[in-house]
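Residue numbers (the numbering used here), protein chains in the order written: chain A, 1 to 370; chain B, 1001 to 1315.
Calculated directly from the structure, the hints in this document are not laboratory data. Errors might be hidden in some of the hints.
Said to hold, decoys possible - Below 25 Å or equal to it, Euclidean Cα-Cα: the simulated DSS-like pairs (lysine-lysine) are:
id	chain 1	residue 1	chain 2	residue 2
1	A	Lys293	A	Lys122
2	A	Lys220	A	Lys122
3	B	Lys1109	B	Lys1071
4	A	Lys49	B	Lys1275
5	B	Lys1130	B	Lys1275
6	B	Lys1124	A	Lys49
7	A	Lys360	A	Lys51
8	A	Lys146	A	Lys97
9	B	Lys1309	B	Lys1275
10	A	Lys51	A	Lys308
11	B	Lys1283	A	Lys51
12	B	Lys1124	A	Lys44
13	A	Lys49	B	Lys1086
14	A	Lys241	A	Lys370
15	A	Lys241	A	Lys122
16	A	Lys49	B	Lys1273
17	A	Lys205	A	Lys146
18	B	Lys1273	B	Lys1309
19	B	Lys1166	B	Lys1223
20	A	Lys49	B	Lys1283
21	A	Lys97	A	Lys293
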Amino acid sequence: MIISRRKFMKDTALLCSLSPFAQSALSASAHSDDFLTEARYYEKLPHRKIKCNLCPRHCVIDDQERGYCGVRENRDGIYYTLVHSRPCTAHVDPIEKKPLFHFHPGSLAFSIATVGCNVECKFCQNWQISQIRPEQIDNLELPPEKIVRLAQKSHSRAIAYTYTEPVIFTEYMYDCAICGNENGIKSVMISNGYICETPMRDLVKVLHAVKIDLKAFTEKFYRDLVAGELKPVLDTLVLLKEMNVWTEIVYLIIPTHNDSPNELKDMCRWIVRNLGADVPIHFTRFYPQYRMKNLPPTPVSTLVNARKIALEAGLNYAYVGNIPGHPGESTMCPNCNEVLIRRAGYSIIENNMVDTKCPKCDTLIAGVWK
Amino acid sequence: MAGSAACLPTMHISGEKTISSASRIVNARHENVRNAQGSLNSDAVYSLLNRAMENFFETSSAQRIWGRLFKPADTVGIKINCLAGKGISTSHEVVDAIIENLLECGISKDRIIVWDRANVDLEKAGYHVKTSTRNVRYFGTDHVGYSRRLYESGQIGSFLSNILVKECTAIINVPILKDHGIVGITNALKNFFGAIHNPNKYHSHLGDPYIADVNVLSEIRNKTRLTVCDALTCQYEGGPPFMPQWTWHYNGIIVGRDMVALDTLGWKIIEDKRKENGLASLKEAGREPTYIHTAADPLHSLGIHDLSKIDLISV
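Please work from the sequences and hints to get the whole structure.
Structure follows, in structure tokens:
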């Protein structure tokens, strides 16, 4: 659907004003318990302890304490999420910003996040909201029904759970997705994939696409720079394939840490072998952030080379990202190399696809187009 | 490996003996701190605290010591631990005794702040939030927020409480001694997790090296002039929440400036009590507080963790 810039601005003006991204200091304000919701995926242990089974950390949490994510709290032996219906930010973004290139290109995604994350990437771009606790920022109050209404009002095709780590607000995401499904709004999860199998299986039933940040292909990188593990993320990717939900992968290339050609080859071969050749992969450019300010941005040549490695490994769709205007942002036919969707940044410059096929050679292009 | 105490500032008290042994700690205990019903007696707690101070500084005048430690121009923050509510939080009697000494040595009421992470935590432990500068103030970091600067040290990156960064020129660390279900024990070093915005990120791997890393931060290291460990009521299992079945009246106040030494003694006290009650050692329970060793390593140099090298005075 094409909407006028004027209408778009009018409909989304409220959202822009609600964004706390501009807030530079932590307010440490008391948080409301109005939306306190019992968490799913935990088990009760003796002496009012609980064990969280949402993510592979399996935090064992004493009474009055929180899990690693900082947004789930044990109160007298009952585990609660503190962020249900309490997003810290809401924006209307192009779906290409997620990035999802093979999912309704050119559409809008009503994008929300709560504070918190279940890892701590030293290079996090949104660390001001991912690495804090709910009471340390002014949050919005947007229950699922309101999220869906705002998505409709902004002419968004989907709700995107993004910016921080939606795994940690899984109850809210699930409830929004259900409500969206009932009202013709799809849901996409932009995630690190560090989640246990049961909650992921439940989510896939209500989601329409997932983008996974595969941060590296070594456990060392995950241990040293992410405070997480690679294996569970790979397991999640295989599960997504098995459950047939549309999946794209982003790989942020950080100079000297995860940019070796051998690592990239190993990863691409693994993807082809385990997920198939049609999973799009986006090699995105690193910029110095958070606790990794001592490195330069990724050289463009590294990204171009990574894309070449992916194509040579047999992947059909490989992109470069965070370099607006680069030819590697465009979708090409894997059979005849025809440019199908030409992009510049998050904008679609031209879309030559005919239904779901290449106009030149009639090859079926993988994705969710309708 | 025992750490070096050379990095700890030597304390020069004019007219008194110089305390050059930075690893000195005084463990003062007395049963008369409680009445027959088991409640704490304020006067007895005050006396016990000052007896510990006199022994630490080898003087017969505790008031003189307080006056040398803190100047009227100081704003003194008393960092308590009150996350577990009334059952096992820093005692009001210990806090009151410290305040009384500060007032006696010329610190005005408006320059004393009793603080922890959040107002609600203070209230749960029975402390009334007071923010008027006409009185001693009691409030949590949520009242003033966190620093704009991200402080980095080793593995940690955190915003610090503005009470620590902006309000106070000096800190008295007043932890309680108890078992901790993840990191082994919580006492002096761990108490400063209450000054960072993201403690949830740093409990993994037994809090090691995170707890040591936090305490290396200059704002903590340079401003903390004294630690008064409230060991009147301790807990040897089931912490950090209050579990009355595992608390006992140790009736002690432990004073020192070397937080590693204080934690080393605290660890031993907890281990001894666990053994007495037939519980596995913390190591056997999978939560040996290795962060105490790390705090003493050459990289952190926060104090001494070898009991044989700690100048322990028991009174």
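Here's how the hints hold up against the structure:
Between Lys293/A and Lys122/A the CA atoms are separated by roughly 9 Å; this keeps the pair inside 25 Å, and the hint holds. Proximity of Lys220/A to Lys122/A is assessed by CA-CA distance (about 14 Å); at most 25 Å being required, the pair is judged to hold. For the hint pairing Lys1109/B with Lys1071/B, the CA-to-CA distance comes to about 13 Å; that is within 25 Å, so the pair holds. Restraint check for Lys49/A and Lys1275/B: the C-alpha separation of about 23 Å stays at or below 25 Å, so the hint holds.
Note on Lys1130/B and Lys1275/B: the hinted pairing is violated, with a Cα-Cα distance of about 42 Å set against a maximum of 25 Å. The suggested pairing of Lys1124/B with Lys49/A holds, with an alpha-carbon distance near 20 Å, which does not exceed 25 Å. Proximity of Lys360/A to Lys51/A is assessed by CA-CA distance (about 55 Å); at most 25 Å being required, the pair is judged violated. Our distance criterion of 25 Å between C-alpha atoms is met by Lys146/A and Lys97/A, whose separation comes to about 23 Å.
For a cut-off of 25 Å, the pair hint linking Lys1309/B to Lys1275/B stands: about 24 Å separates their Cα positions. Of the pairs offered as hints, the one joining Lys51/A and Lys308/A is violated, with about 44 Å between alpha carbons and a cut-off of 25 Å exceeded. A C-alpha spacing of about 21 Å is found between Lys1283/B and Lys51/A, which places the hinted pair at or below 25 Å, so the restraint holds. Of the pairs offered as hints, the one joining Lys1124/B and Lys44/A holds, with about 24 Å between alpha carbons and a cut-off of 25 Å not exceeded.
For the hint pairing Lys49/A with Lys1086/B, the CA-to-CA distance comes to about 19 Å; that is within 25 Å, so the pair holds. Distance restraint check for Lys241/A and Lys370/A: the Cα-Cα separation of roughly 20 Å lies within the 25 Å cut-off, and the hinted pair is therefore satisfied. Distance check on the hinted pair: Lys241/A and Lys122/A sit about 29 Å apart at the alpha-carbon level, beyond 25 Å; violated. For a cut-off of 25 Å, the pair hint linking Lys49/A to Lys1273/B stands: about 22 Å separates their Cα positions.
Between Lys205/A and Lys146/A the alpha-carbon distance is near 22 Å, which keeps this suggested pair within the 25 Å criterion. About 22 Å separates the Cα atoms of Lys1273/B and Lys1309/B, which keeps this hinted pair within 25 Å; it holds. For a cut-off of 25 Å, the pair hint linking Lys1166/B to Lys1223/B stands: about 11 Å separates their Cα positions. With a CA separation close to 20 Å, the supplied pair Lys49/A and Lys1283/B stays within the 25 Å bound.
In summary, the hint linking Lys97/A to Lys293/A is supported, as the alpha carbons are separated by about 23 Å, within the 25 Å threshold.
The structure fails hints 5, 7, 10, 15 (numbered hints given earlier, in ascending order).
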